[in-house]
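S.K.: Full structure from sequences and hints, please.
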Amino acid sequence: MANGIRDRVAIVGMGCSRFGERWSDNAEDLMLEALSEALTDAGIERNKIEAAWLGVCLEENNVGKTAGPLAQGLRLPYIAVTRVENACATGTEALRGAVYAVASGAYDIALALGVEKLKDTGYGGLPVRTRGVVADLWLPNASAPGAFAQLASAYQAKYGVSYDDLKQAMAHVSVKSHDNAALNPKAHLRNKITIDDVLKAPTVAEPLGLYDCSGVSDGAACAIVTTPEIARELGKRDIVTVKSLQLAVSNGEEAQFSNWDGASVRTAEVAAAKAYREAGIADPREALDLIEVHDCFSITELVLMENLGLSDPGRAPFDILEGRYDRNGKIPCQVDGGLKCFGHPIGASGLRMVYEVYQQILGRAGERQLPKADIGLTQNLGGHPHQNVCAISIIGRLGA
Amino acid sequence: MNTNNGANIGAATDRGILAVGAYLPRLRLDRKSVAAGHRWMAPGLRGLAQGVRSMANWDEDAITMAVEAGRRALAAAQAPAPEMLTLASTTLPFADRLNAAVVASALSLPKALAASDCGGSLRAGSSALIRALQGSGGQQLLIASERRIPRPASTAELMVGDGAAALLVGEGEPIARLLGSASLTADFVDHFRESGRDGDYGWEERWVRDEGLSKLVPPVVKQALQAAGVDANRIDHFVMPEKLRKVGPMVAKKVGVRPETIVDPLFDRCGDTGAAHPLLMLARTLAKAGPGQTILVVQFGSGCDALVLETTDRATGSDTEPAWLDEGQVETNYLKYLSFTGQIELEWGMRAEMDNKTALSAAWRAEETVHGFSGGRCGECGTVQFPASRICVNPDCGAVDTQQPYRLADEPAKIRSFTCDWLSYKPCPPFMFGHVEFANAARVLMEFADCDPADLAVGVPLDMVFRIKEVDPMRGFRRYFWKAKPQLKAGE
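Heads up: the protein sequence lines correspond to chains W and R, in order.
Here numbering that gives the first Met the number 0 is used: the first residue of the first sequence is 0, the next is one more, and so on.
Here numbering that gives the first Met the number 0 is used: the first residue of the second sequence is 0, the next is one more, and so on.
In case anyone wonders, no lab produced these hints; they're calculated from the structure.
Keep in mind that a hint or two might mislead.
[Stated by the list, open to error] Anything over 12 Å on all C-beta distances counts as not near chain W; from chain R, calculated:
#1 S32
#2 W39
#3 G46
#4 M83
#5 Q133
#6 E204
#7 Q225
#8 E320
#9 S338
#10 Q384
#11 F430
#12 K468
[As the list claims (entries may be wrong)] Pair ranges (Cβ atoms, derived):
#13 R:A74 <-> W:N190: 55 to 65 Å
#14 W:G121 <-> R:P472: 15 to 25 Å
#15 R:D95 <-> W:Y122: 32 to 42 Å
[Said to hold, decoys possible] Calculated cross-link-like contacts (lysine-lysine; reagent style DSBU-like; alpha-carbon spacing at most 35 Å):
#16 W:K157 <-> R:K425
#17 R:K413 <-> R:K110
#18 R:K356 <-> W:K64
#19 R:K110 <-> W:K199
#20 W:K199 <-> R:K425
#21 R:K31 <-> R:K335
#22 R:K287 <-> R:K245
#23 W:K157 <-> R:K413
#24 R:K484 <-> W:K64
Bear in mind that the values here come from a model prediction, so they are computed numbers and not experimental data.
In this text, a Cβ means the ideal position worked out from N, Cα and C, and glycines have one as well.
M.R.: Take a look at the structure:
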């Protein structure tokens, strides 16, 4: 029986570029911005990194294929660099690679870095996906909002929630993230909005309006990981460790078999259950001090509250409206603004979530610092509700 | 002139029309709206600006309409699968790629099939029908389908319509038999269309009427009547598409057919569906005719075809119009019609730039999946899944290589979830799609067709329709797949 990853690997340095429309910066600029912060934080030199994982989802968006962009951009000295891609969960995938490499004993210090230049498409929103081969012959060429909007219609039908109640709860999700991002200098969208703004915004994919959709941004984020022992040798006193890393990937059941309700993210349920077990968490509602989830769309965040076991089935809209996931609520969610407002440079997003949990645990979150932050969960989702990859990490203080 | 005594060939056997099917697109273009757009330069079109004509949706063409008509004929037939398929049209999308082969695979006809496209003139359908009825042995499915794109502001733009009709012909218990026929071939060019072009070029209507219709049609009709051994005044239904107005009565008078037998050319319902129209009108006539009635079918175009048919005891006519004629939704947006027919280029934004190149090798591998909507049914647990796969999707089964082909096109289904997506590029936004759940529990994420956002709700029952999935303008290719059409109340 495997022991899992709990407390075997420490995060000793993290960095995150400012997210946004970085018109004048290329991928190299963003990567260096994130790495410089992480190296300073870790207190190590660049040449101490023994292996690296690069997360890029859309390499055709001015980043490039293979691990080359990272090795060349940061002039890494002929070390092992691997590029990973798992749709919007790419960032967490890069972290998994680095963390497992250290846990295996193969390397002492490893880097996980995610980057994306999404603003080089010429229009707003995520790029049109690249073509596969066979699935294009029958699958609808769905946009991301269109695919996630499916959750809303199925959710309403399953729980008998009215359209207006659901829209109100979804609007609350977005307003909260804008409020939180206003306190975050690295966030892309820092303006405050009102419920009315959300409800009156143009429709993107019914029932999702403009403000139900996350920002599309350029950015990079990274983590330097090592063993807790080496972390101590580096002079770290507050040691932040990885409690759990779980990944669940759809096998076609949701899309093709009749046992999925269409109103939930099955992979999140599976990955969360495994993650809580790996981290030794009996009751996530009590244990988690903050969460960063994949709020690509407001409805996604809403259903995830149930799939992560934090709201009872059918209750998420009401828990949200009661402020349970607000900054001052029971389980603060997206205190950095989330994908919605911090932004969503795909390959960086999973690492950006971990970055926020890490900063909160170390008490460095500035204006948005939570009073208590010992353990937090990040959840990163790639693909569409019916067919996706879901990555969950639990990050906490060593011993917490 | 070639005449044939059908009785000699057909009477001894029970060869005839075994079943009919017809299809009109849901959209009905309002002629007033068309004429209004042209009033500044062609005020005379006002005279034709009454009623509606059928209008193919953006994802319909002669192939997809043929499939729908063919499905209806086959569903009505309860006969063995056809051994021959003929697709008649002057507007088939491919000049070299057997259009009938697409139709055959969408209908899941056996691969051992003789299939051909025929075109060349508006007689493509009527000539093919004569050949089918004269032929011997085997079931033949004849489908005529047409989607013409006349030039804007031409009278044809108002006169034509889009549609398809299918007739299953063969031995069995027919609803109608051929008594006799006649054909004339003449290079009388009342109109023409160069290969690869849209829009006809035509000559003065008075000349067409006086030198063409008036002189060429009556002798052929008389020959057909003679071959059939039927007096003109015994004809109960005179089916002749209205090439020019008032030509029907003129021909009827010249040959001695009673004017009250002239069948409504459906100008107000759908317009002239070209090569499909004689068959479409015949399909409607057969749906309404009782036993022992004679039907005269005439079609003009590079000559003339005339057929005399007689209904059998299986013809149990009904006074009510067939459902395919009643359905429809009026479309008053002429710009939408122009866009659907490729006659104006709108700014669709960068999302429309996606390269739609098709891997032809992959398309062939998936032919039955895509055209036949063929999934797999697990022999172990019975789970139906789409597409068929090596390993059963049922987590409690997981059997390997147990799936048999299972066609989903005719299975009941309903909406599980949906959206109206304004972001994705579609020629008719919003892009409506969602999870479709079949009664057999199979599940497919599908596009919705022929509906408005208000028609979508969880649980709405669906019918499957064969449509254009994507067009590749760079290479002139188009791909087809099935879409889910919400069941609407009649008249909606």
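S.K.: CA of K157 of chain W to CA of K413 of chain R, is that 35 Å or under?
M.R.: Holds, at about 15 Å.
S.K.: Since F430 of chain R was said not to touch the interface, does its Cβ keep a gap of more than 12 Å from each Cβ of chain W?
M.R.: 6 Å, violated
S.K.: Taking the CB of A74 of chain R and the CB of N190 of chain W, does the distance hold inside 55 to 65 Å?
M.R.: Given range 55 to 65 Å: holds, Cβ gap about 58 Å.
S.K.: Assuming the hint says 15 to 25 Å, is it satisfied by the Cβ distance from G121 of chain W to P472 of chain R or not?
M.R.: The hinted range 15 to 25 Å holds for G121 of chain W and P472 of chain R, with Cβ atoms some 20 Å apart.
S.K.: Quick one, are K287 of chain R and K245 of chain R close enough, alpha carbons at most 35 Å?
M.R.: 23 Å, holds
S.K.: Should the label of E204 of chain R as a non-interface residue stand, given a Cβ cut-off of 12 Å to chain W?
M.R.: Given a closest Cβ separation of 46 Å, the condition holds.
S.K.: Can you confirm whether the C-alpha distance between K31 of chain R and K335 of chain R stays at or below 35 Å?
M.R.: 15 Å, holds
S.K.: For K468 of chain R, which was marked as not at the interface, is the minimum beta-carbon distance to chain W over 12 Å?
M.R.: 8 Å, violated
S.K.: Can you confirm whether the C-alpha distance between K413 of chain R and K110 of chain R stays at or below 35 Å?
M.R.: Roughly 31 Å separates the two Cα atoms, so the pair holds.
S.K.: Is it correct that the beta-carbon of E320 of chain R has no partner in chain W closer than or equal to 12 Å?
M.R.: Answer for E320 of chain R: holds, closest chain W Cβ roughly 35 Å.
S.K.: Holds or violated: K356 of chain R with K64 of chain W, Cα cutoff 35 Å?
M.R.: 22 Å, holds
S.K.: Regarding the assertion that S338 of chain R does not contact chain W, is the least Cβ-Cβ distance greater than 12 Å?
M.R.: Given that every Cβ of chain W is farther than 12 Å from that of S338 of chain R, nearest at about 19 Å, it holds.
Consistency note: the structure conflicts with the earlier hints numbered 10, 11, 12, 19, 24.
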